[in-house]
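Student: Start from the sequences and build out the full structure, keeping to the hints where you can.
Under the numbering used here, think of the first position of the sequence shown as 7, with each following residue one higher.
Be aware that one or more of the hints could be misleading.
[Said to hold, decoys possible] Taking lysine to aspartate or glutamate and the DMTMM-like style, the derived pairs with C-alpha atoms no more than 20 Å apart in a straight line are: (1) Lys174 / Asp206; (2) Lys184 / Asp13; (3) Lys294 / Glu329; (4) Lys161 / Glu125; (5) Lys239 / Asp256; (6) Lys87 / Glu125; (7) Lys87 / Asp435; (8) Lys174 / Glu202; (9) Lys291 / Asp326; (10) Lys161 / Glu124; (11) Lys184 / Glu202; (12) Lys393 / Asp444; (13) Lys87 / Glu101; (14) Lys161 / Glu107; (15) Lys393 / Asp441.
Hints listed in this document are in silico derivations from the structure and should not be mistaken for laboratory results.
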Amino acid sequence: MLHLDMDAFFAAVEQLTRPTLRGRPVLVGGTGSRGVVAGASYEARPFGARSAMPMHMARRLIGVTAVVVPPRGVVYRAASKRVFAVVRDMIPVIEQLSLDEAFGEPAQLAGATAPVVEEFCTELRARVFAVTGLDASVGAGSGKQVAKIASGLAKPRGQRIVSRNDQKALLAPLPVRKLWGIGPVAEQRLRSMGVETIGDLARLSASEANALLGSMGPALRALAQGIDDRPVKEGAAAKQVSAETTFPRDLMSKPEVRSAVQTVGESAHRRLASDGRGARTVTVKLRKADMSILTRSATLPFATASRDALIGAAQKLAMDPVEIGPIRLVGVSYSGLSSAQQEVLFPEIGTTANEMDQVTETPHASSDAPATEGDQFPPGADVHHPKFGHGWVQGSGHGVVTVRFETRTSGPGPVKTFPMPAEDLTHADPLVSLDWPDV
7 MLHLDMDAFF
17 AAVEQLTRPT
27 LRGRPVLVGG
37 TGSRGVVAGA
47 SYEARPFGAR
57 SAMPMHMARR
67 LIGVTAVVVP
77 PRGVVYRAAS
87 KRVFAVVRDM
97 IPVIEQLSLD
107 EAFGEPAQLA
117 GATAPVVEEF
127 CTELRARVFA
137 VTGLDASVGA
147 GSGKQVAKIA
157 SGLAKPRGQR
167 IVSRNDQKAL
177 LAPLPVRKLW
187 GIGPVAEQRL
197 RSMGVETIGD
207 LARLSASEAN
217 ALLGSMGPAL
227 RALAQGIDDR
237 PVKEGAAAKQ
247 VSAETTFPRD
257 LMSKPEVRSA
267 VQTVGESAHR
277 RLASDGRGAR
287 TVTVKLRKAD
297 MSILTRSATL
307 PFATASRDAL
317 IGAAQKLAMD
327 PVEIGPIRLV
337 GVSYSGLSSA
347 QQEVLFPEIG
357 TTANEMDQVT
367 ETPHASSDAP
377 ATEGDQFPPG
387 ADVHHPKFGH
397 GWVQGSGHGV
407 VTVRFETRTS
417 GPGPVKTFPM
427 PAEDLTHADP
437 LVSLDWPDV
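Tutor: This is how it looks when you write it as structure tokens:
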């Protein structure tokens, strides 16, 4: 079994298409006060920056050398499509988990020796890099669990082959949280009983595992023992992405519910960003203290991956515990997924309510306010100039906009500053930055 995982995929694609960023600590994600890191380059990680961290924290850790760019989902999807087209040339059937990782079980490696597997993995990684310019790490093992752990240990730009004879030694000392299916709640329960490593879990009896982890206990114990016969299967695209949290104490006020919706909505949005599609319908699920469930949904005019638009719609669906009673669980889901997306300029406009009694509007700036120069060409935006070609905005303000003109094949490009209004600048298709003629 092989597990291929692209290295720092979002940040790597930005460095590929914007050569000036190569070798620099790049953070991909929201730039606002509540922005979250969707991807961090390997240059950013020694500072402690990582995915899912608040952006303001990551920027503070790195300092003035940090480069923050907004996500460009359409570019990541195109790069992902090309990566896995290469992979399928060598492994016809793969189980793609997200834009940047997949399992494969090449028939030609059945019963192969470690050197043969090494050679195959080396060729696979080399082909991916030759065609896309992006690095991948590959893990090989007897099953999905070992292969996935091996690819993580191989990062970046590496490969790790784990034989059946070696897998016990590899798994045993690892923290139990490394095991697929062990979340924070299960981890805490196990640690409270002295089970801290995968080896500790492997040594439990089936009845002990069942007592600690419920019906999934025996299966997780088997994984800890290296027993994993799950096959590779082509998966159907998910119909929705979601996240939910049960709180240690009931939520008693509207501000508490809104804060919970924000946090849970961001978690669901990170999964949406990984999926690579946009969503049209937002649903908020509330489980009350009496265990009854209320759901409310809203449908946007078109699918979008905009974090502000989707979470903004979720916030409008938040209900007041004073009116409905204490709330113990909050969930947010995004559905109506589509690869065809539009950017939402005014998230507060055009929401259609379904299965709702009332939508409470959240405060927002008046749409009559004049647009600023930063709104016209925000940092990170792809632009075109008739003389200098394709570029991206490095900064704007104080009556000027600064653009770096470069693409994947150009090498680090020149910087030009234009007075506003920059009449020769127009917004451009981000895919042009890949400079792949067939895209």
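Student: Now, for every hint given, state plainly whether the structure supports it.
Tutor: Here is how each hint holds up against the structure:
1. Lys174 / Asp206: It holds: about 12 Å lies between the C-alpha atoms, which stays within 20 Å.
2. Lys184 / Asp13: Distance ~19 Å between Lys184 and Asp13 Cα, so the pair holds.
3. Lys294 / Glu329: Holds, at about 12 Å.
4. Lys161 / Glu125: 18 Å, holds
5. Lys239 / Asp256: This hinted pair is violated, its Cα atoms lying about 41 Å apart.
6. Lys87 / Glu125: 24 Å, violated
7. Lys87 / Asp435: Between Lys87 and Asp435 the Cα gap is close to 18 Å, so the pair holds against 20 Å.
8. Lys174 / Glu202: With Cα atoms ~16 Å apart, Lys174 and Glu202 stay inside 20 Å; holds.
9. Lys291 / Asp326: 13 Å, holds
10. Lys161 / Glu124: Holds. Lys161 to Glu124 sits at ~15 Å (cutoff 20 Å).
11. Lys184 / Glu202: 11 Å, holds
12. Lys393 / Asp444: 23 Å, violated
13. Lys87 / Glu101: Holds, because 14 Å separates the two Cα atoms, which is no more than 20 Å.
14. Lys161 / Glu107: Cα-Cα ~13 Å, so holds.
15. Lys393 / Asp441: 17 Å, holds
Hints 5, 6, 12 from the list above are not met by this structure, while the remaining hints are.
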